[in-house]
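Chains as they are written, first to last, in full-length UniProt numbering: chain E, 1 to 272; chain F, 1 to 355.
Hints in this document: simulated from the structure, not taken from any laboratory.
Because the structure is a prediction, the values reported are computed rather than measured.
Think of the CB as a built atom: it goes at the ideal place given N, C-alpha and C, for glycine as much as any other residue.
Any given hint could be a false lead.
[As the list claims (entries may be wrong)] One side only, chain F facing chain E, incomplete, derived with CB under 7 Å:
1) K68
2) V72
3) V76
4) T83
5) E143
6) N169
7) V184
8) D314
[Unchecked claim] Listed next, the stretches of chain F that the computed footprint assigns to chain E, with coverage defined by at least 3 CB atoms under 8 Å from CB atoms of chain E:
9) 145–153
10) 305–313
What follows is the residue order along each chain.
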Amino acid sequence: MRLINQKPSHSKALVLGLMPFLLIVLMYVFASNARLQENEDDKLLPSFSHMVDTMEKSALTPSKRSGEVIFINDTLSSLKRLGIGVVISALLGLIISIPLGLIPLVRAGFSPFIAAFSMVPPIAILPILFIIFGMGEVAKVALIVIGVTPLIVRDLQHRVEEFSKEQLIKAQTLGASTWTLVIRIILPQMLPRLLDSVRLTLGTAWIFLISSEAIAATEGLGYRIFLVRRYLAMDMILPYVIWITLLAFLADFLLKKFTCKLFPWYENKDKA
Amino acid sequence: MNSFFSPTLKLLVAATLAMSIGASTLAAEVKDKFQVAWTIYVGWMPWDYAEQSGIIDKWAKKYGIEIKMVQVNDYVESINQYTAGKFDGCVMTNMDALTIPAAGGVDSTAVIIGDFSNGNDGIILKDKKKLSDIKGQNVNLVELSVSHYLLARGLESVGMSEKDVKVVNTSDADIVAAFSSKDVTSLVTWNPQLSEIKAMKGATLAFDSSKIPGEIIDMLVLNTKTMQDNPKLAKALTGAWYEVMAQMKKGDAQAISMMAKASGTDVVGFNSQLKTTKMFYDAKDALAFSTSAALPATMQKVSEFSFEHGILGDGAKDATFVGMAFPNGKAYGSASNIKLRFSDEYMKLASEGKL
Chain E
1 MRLINQKPSH SKALVLGLMP FLLIVLMYVF ASNARLQENE DDKLLPSFSH
51 MVDTMEKSAL TPSKRSGEVI FINDTLSSLK RLGIGVVISA LLGLIISIPL
101 GLIPLVRAGF SPFIAAFSMV PPIAILPILF IIFGMGEVAK VALIVIGVTP
151 LIVRDLQHRV EEFSKEQLIK AQTLGASTWT LVIRIILPQM LPRLLDSVRL
201 TLGTAWIFLI SSEAIAATEG LGYRIFLVRR YLAMDMILPY VIWITLLAFL
251 ADFLLKKFTC KLFPWYENKD KA
Chain F
1 MNSFFSPTLK LLVAATLAMS IGASTLAAEV KDKFQVAWTI YVGWMPWDYA
51 EQSGIIDKWA KKYGIEIKMV QVNDYVESIN QYTAGKFDGC VMTNMDALTI
101 PAAGGVDSTA VIIGDFSNGN DGIILKDKKK LSDIKGQNVN LVELSVSHYL
151 LARGLESVGM SEKDVKVVNT SDADIVAAFS SKDVTSLVTW NPQLSEIKAM
201 KGATLAFDSS KIPGEIIDML VLNTKTMQDN PKLAKALTGA WYEVMAQMKK
251 GDAQAISMMA KASGTDVVGF NSQLKTTKMF YDAKDALAFS TSAALPATMQ
301 KVSEFSFEHG ILGDGAKDAT FVGMAFPNGK AYGSASNIKL RFSDEYMKLA
351 SEGKL
């Protein structure tokens, strides 16, 4: 049989899917063993048991001073910042993109500005952001919002522009005003697209979250990574990175499920 | 199944073998090409000048080797790279040498003690004058760095401890901008950022490293095994260093202006930073400092601070976990785990003119 016609069985597909993960783990174990044989205190590629140990000792045991569990504390404060940032960005994105995509007058007035504004790299203007938003929680959320909103706006604007003209004209012949069009036709159809857009920008939101926590913070997943980076504590950094990846994956997965459940009529391109 | 997985398995074995061979070549051996990392700081600019002016090449040639000084933009990254085995040597402070390579099991030797901070690191308050006013404030600083150590020593001097303040980890690159933010009321940093902030409105320098002289030391650290296998490397570097020191002592205008320019300031700015740096222009002074009783005492303090903050590694049961060796057979901590050595061997050769 030709290669192109060979389809893997269910179990084979599972094995094939797990292969790359397994391969990476194995490669890591071998490389780590090689380094540890030379220097048993090597910090660059710690063994898995060492990582588990470190996480148990320093991240999952309540701190003697404050009684807080730093791993849980870090996760909660990061998720809170990320959640607030993403929700604000999504709402702003929705509110800005509909008039931008639908109303030619608004589009003519603001589209070029939004396009240009979305190109400003927020990290480059950090000193200005510090002065406007301070260095506390507001600044961290603001960085996410400034980084993510323009992406959502531009994506949603295109989605609005893609709406079938027939649908809009039909509604108008039935007497719908612009406002009715927005509320009854555009908005309901935009919601699943918004969720799609949020899913796509989640990665960017994480980057901004981690960078804001790297700049000034007292807790958070990004804070911890940048703190222990000072003494090359990969035994702490690697589990944190795996955890962040897992959280990001989970958020994406839940949003996808949520979209399917809430908007079954919406053709989600990657339903698989 | 079998026919599918066996080639993959072979590939896997080959790849891991290749990786382990790659790892084992990290072991030191006699060689003739070396890389030393440096970062921008007043006490380390002589290394850049030595490279730019050809002094390094001259000394390397004398010993029949090649040395490349590599500038790294991020200080901590340079030490991490050295610890991971990418560089044969690196410039760093005494505390970072203890907590990064030494605590990471990389046996390291401080070959040249270049200077100590004598005002280059400081605690700054906003709209307050006395250090004791820091009580209850957020303090922005690079956590677990010498700034953190300076804060601990400063608080000690006014009968307080770290529990009296809240430390906010803030990157050194952003700390100047941070001072303008309304949330920031006090901070700890080093030069050149320190002089930048000192000049800003409302800033008061409440404590600086001149009050703990000799405790924040800037040095050149080499991998001990590489150094022992290749004494030529240490000799060439020491020779080049003290040639630059002699030029600086004479006040060589060209040398100073090249260093000032490379560190992003002008001659006036560079000279003012030199004023708060106790440079050991003379190898004899560095030698006297490295053999003094003060050095082991300082390192004990640093080791205790590091242990209390959990940065000696998780094998550490107490501050003596990482052993240190000093000239004249003095030592501190675990004799079976000596990972940081202060050597006077090459500074001695330099002071006797035997390089």
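Now for the hints, and whether the structure bears them out:
no. : hint    : verdict
1   : K68     : violated, 22 Å
2   : V72     : violated, 14 Å
3   : V76     : holds, 5 Å
4   : T83     : holds, 6 Å
5   : E143    : holds, 6 Å
6   : N169    : holds, 6 Å
7   : V184    : holds, 6 Å
8   : D314    : holds, 6 Å
9   : 145–153 : violated (count 1)
10  : 305–313 : holds (count 3)
In this structure, the hints that do not hold are numbers 1, 2 and 9, in rising order.
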